[in-house]
Amino acid sequence: MAQAVAIVGTGQTECGKRSDVSYPELVHEAVTRAFEDAGIGPEDIDAVVAGSMPPAMEGVNNPHLYLAGAMGAYGKPLMRTATCGSTGISLAHTGFYHVASGMFDTVLVVGAEKMNEGDPQGTMATVADPFFQRPFLAGAPGIFSLQSNEWAHRYGIEEKRVRMAAAEISVRNHNDALRNPYAHIRIRTTIEDVLTARIIAYPVRLLDVCPASDGACAVIMASQEKAGKLGRNQAWIKGVGYCGEQAFFGEGDKVVWKSAINAAKSAYDQAGISNPLKQLDVAEVYNPFTFQEMLFYECFGFCDFGKGCELVEQGVVMPGGELPCDPSGGVLCTNPIGATGLQRVAEVVLQVTGRAGDRQVPGAKTGLAHAMGGLDQFNGIMIISNEL
Amino acid sequence: MSPRVAIVDFVQTEHGGHLHENVQELTFGVVRKLMDRVGIDRSEIGTMISSSADYWQGISCSNSYYYDSAGGNLKSGSKVGEDSVFTVIYGMMRILSGHYRTALLVAVTKCSECPSEHTLSNLCADPFFHRPVGINGVAVAGLQARQYLERHSPPTHAAAQVVVKNRSNAAKNPYAHVRSTVTVDEVLSSPTVAAPLRKLDVPVTSDGACALLLAEEGTARDLCDDPVFIEGVGWNVDRSLVGDRDLRRGSLHKASAMAYGKAGIRDPGKEIDVAEISETSSYHEILWSEGLGLCGPGEGWRLATEGLSSLEGTLPINPSGGLFGANPQVARGLVRVGEAYLQVLGEAGDHQVPNVRKALAHSVHGLGGQSHSVVILGH
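Just so you know, the sequences run in chain order G and Z. No gaps in the numbering here: position 320 of the first sequence is 320 in the numbering used here, and each next residue is one more. Add 1000 to a position in the second sequence, counting from 1, and you land on the number used in the numbering used here.
Since the hints were made in silico from the structure, they are not lab data. Careful: at least some of the hints might be erroneous.
Derived CB-CB ranges, DEER-like [what the hints assert, rightly or not]:
{"#": "1", "chain 1": "G", "residue 1": "PRO135", "chain 2": "Z", "residue 2": "ARG1151", "range": "54 to 62 Å"}
{"#": "2", "chain 1": "Z", "residue 1": "GLY1134", "chain 2": "G", "residue 2": "GLU192", "range": "53 to 61 Å"}
{"#": "3", "chain 1": "Z", "residue 1": "THR1119", "chain 2": "G", "residue 2": "GLY41", "range": "35 to 43 Å"}
In silico DSS-like cross-links for lysine-lysine, where the CA-CA straight-line distance does not exceed 27 Å [said to hold, decoys possible]:
{"#": "4", "chain 1": "Z", "residue 1": "LYS1172", "chain 2": "Z", "residue 2": "LYS1262"}
{"#": "5", "chain 1": "Z", "residue 1": "LYS1262", "chain 2": "G", "residue 2": "LYS226"}
{"#": "6", "chain 1": "G", "residue 1": "LYS160", "chain 2": "G", "residue 2": "LYS365"}
{"#": "7", "chain 1": "Z", "residue 1": "LYS1262", "chain 2": "G", "residue 2": "LYS76"}
{"#": "8", "chain 1": "G", "residue 1": "LYS229", "chain 2": "Z", "residue 2": "LYS1033"}
The model shown is predicted, which means the values in this text are computed figures rather than measured ones. Glycine included, each C-beta is placed from N, C-alpha and C at the ideal position.
Isolated chain G, as found in the complex (with noise of 0.2 Å):
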């Protein structure tokens, strides 16, 4: 059976435009915070797993090699996990796994990226099938934009309704943001600056699409035994699920989108969830454009299908509500790709160890982080509670 695993330290960057901060100095800066929260250093790290995007985004072949140094990584077991938007979170479930096998006590893992240095949008673009979808779907904003649209036509959600709620979604993030002092995008907005942005992809405009950020986010695992002696802010991994699904944009149903609510599933049934709305009293949900935020409440449970409008007028996702989403600005205000879906990880873990600051929702005992990458294609959730 798999041992229980526990987060003992979490560490994030500043992220923005990190141009004070070579890549490596990046990763270091998160990792060397991680050590700090969790009261170790480099030497009681038995395994190392790392990972960011698609290398071509910092122009480095093998870039956990190069920043090996940088995690403190060197004359230990290091391994790269890597699945594009999901890296985040795929690297949360590899780090697990080393734990939950008995094979390590434990582990550092890191996710980063620095975006800024590189054309970030040109290596998105080659994600898609190059004979067949690239030529319609380069980058991501369409695929999100076709999603979005499919979802509201498939429930006949009015225009209005749909772009309000998606309004909201970004005033409540970006706000939400500006009590994150890892968060990038620090600014307030309005309803109107909203909905009257330019678009980028109809019907998504400026405001509802997350940044190119430069951060960088490290966690650290480790077994019953091993946080035991440590004995303080513990967190402990609950659940874990992930579900990859077909290449071709077009031939899967993106709206009852089967890899969400197959990965949520898998996490429930380990976790014992039933009921996420009353169970889970926090959830970082990957929300790099904001209509998406309301498909992934529907398929995570939070909702029936359809209905994903109604949480965020009715309050329920929003500061204060039922199950607060995003306290930390989520996805849109920052999203260092590689390091995006560990920072869930890492502010689920603040939230449910009564540690997350300014953005503390109040009382938070379990909460979800989640992250969706490939073209719309994978997506990875782990529940993490304060509790054994």
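Using the hints provided, position chain Z relative to the given structure of chain G.
Just chain Z now, kept in the frame of chain G:
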């Protein structure tokens, strides 16, 4: 008593310099064949772990492109880079956790569709200090070979003997890409590429894919008559800057010590019956043999010159032909594990080594072997 993880079956492509199938077709082909051979359908696949590399596929998020063709549709999975031996290690972890009974491992590389290895390995170098001087995989291999020559003074034909042996073995391997033999003179008279390395001291690159099915012991016994067990795994990473490292020793001894510790191996030179080593150059087979403790420091060259590492020797190395037979950059590691599996099973065909009880598979990535991985298989 911890549960054991076994290999149920292994399938590889007939590797080539320019295969006509695309990446999706290659992965589909090996996975379809594997499932047909084992006699299962996709419902019996627990999780799919693949390995490929974006630079070596010319596509960002390389696994997005073949996730479904590799059998992963609507399944849990992940991708490990940039050495496919990590699929074995991660697949094993997932099974040991109790979450999955089987793990499908898939690796693919089409070097023919990429820029040259020299270009892509130059991108591995530190961008500020090392890349501008043009350092790349073969240049670092040349530095390592030079250090070895200076330190241990092997005869000039020793490394060439490795090439001759592996090319001769590859000629017996129907899946190998390069199946022509060479002589010591041909190796030594081929043009210099990075002194002292000559053109024939360095394997060419290949296209290829492979798939391997892992299962926990009980499931493995249901699925096949003769499961081969993973007895130990080890991996380790060295310093990033080439000049900061001991280029002869590296971190391989740490990776192998970890694997041997798990497998209970004390004297690898005696206990290992056959080794499949990722010899990224002729000298690397010598260096890696020493790093793996298959012989003492400075003695690696003797394995080839004295015939010990030949197919008929006491410790055959790369009976499949190794990378000189086929070198699909990322997939080659899993091919080594697959070949080691076939040796333990006794089904390696014309390049079978008699009476194999324990086999070793090794893989490497990064400049000059910055990262090594080792797998020990046995009955």
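Status of the hints after comparison with the structure:
no.: 1; hint: G/PRO135 / Z/ARG1151: 54 to 62 Å; result: 56 Å, holds
no.: 2; hint: Z/GLY1134 / G/GLU192: 53 to 61 Å; result: 55 Å, holds
no.: 3; hint: Z/THR1119 / G/GLY41: 35 to 43 Å; result: 39 Å, holds
no.: 4; hint: Z/LYS1172 / Z/LYS1262; result: 33 Å, violated
no.: 5; hint: Z/LYS1262 / G/LYS226; result: 21 Å, holds
no.: 6; hint: G/LYS160 / G/LYS365; result: 36 Å, violated
no.: 7; hint: Z/LYS1262 / G/LYS76; result: 16 Å, holds
no.: 8; hint: G/LYS229 / Z/LYS1033; result: 49 Å, violated
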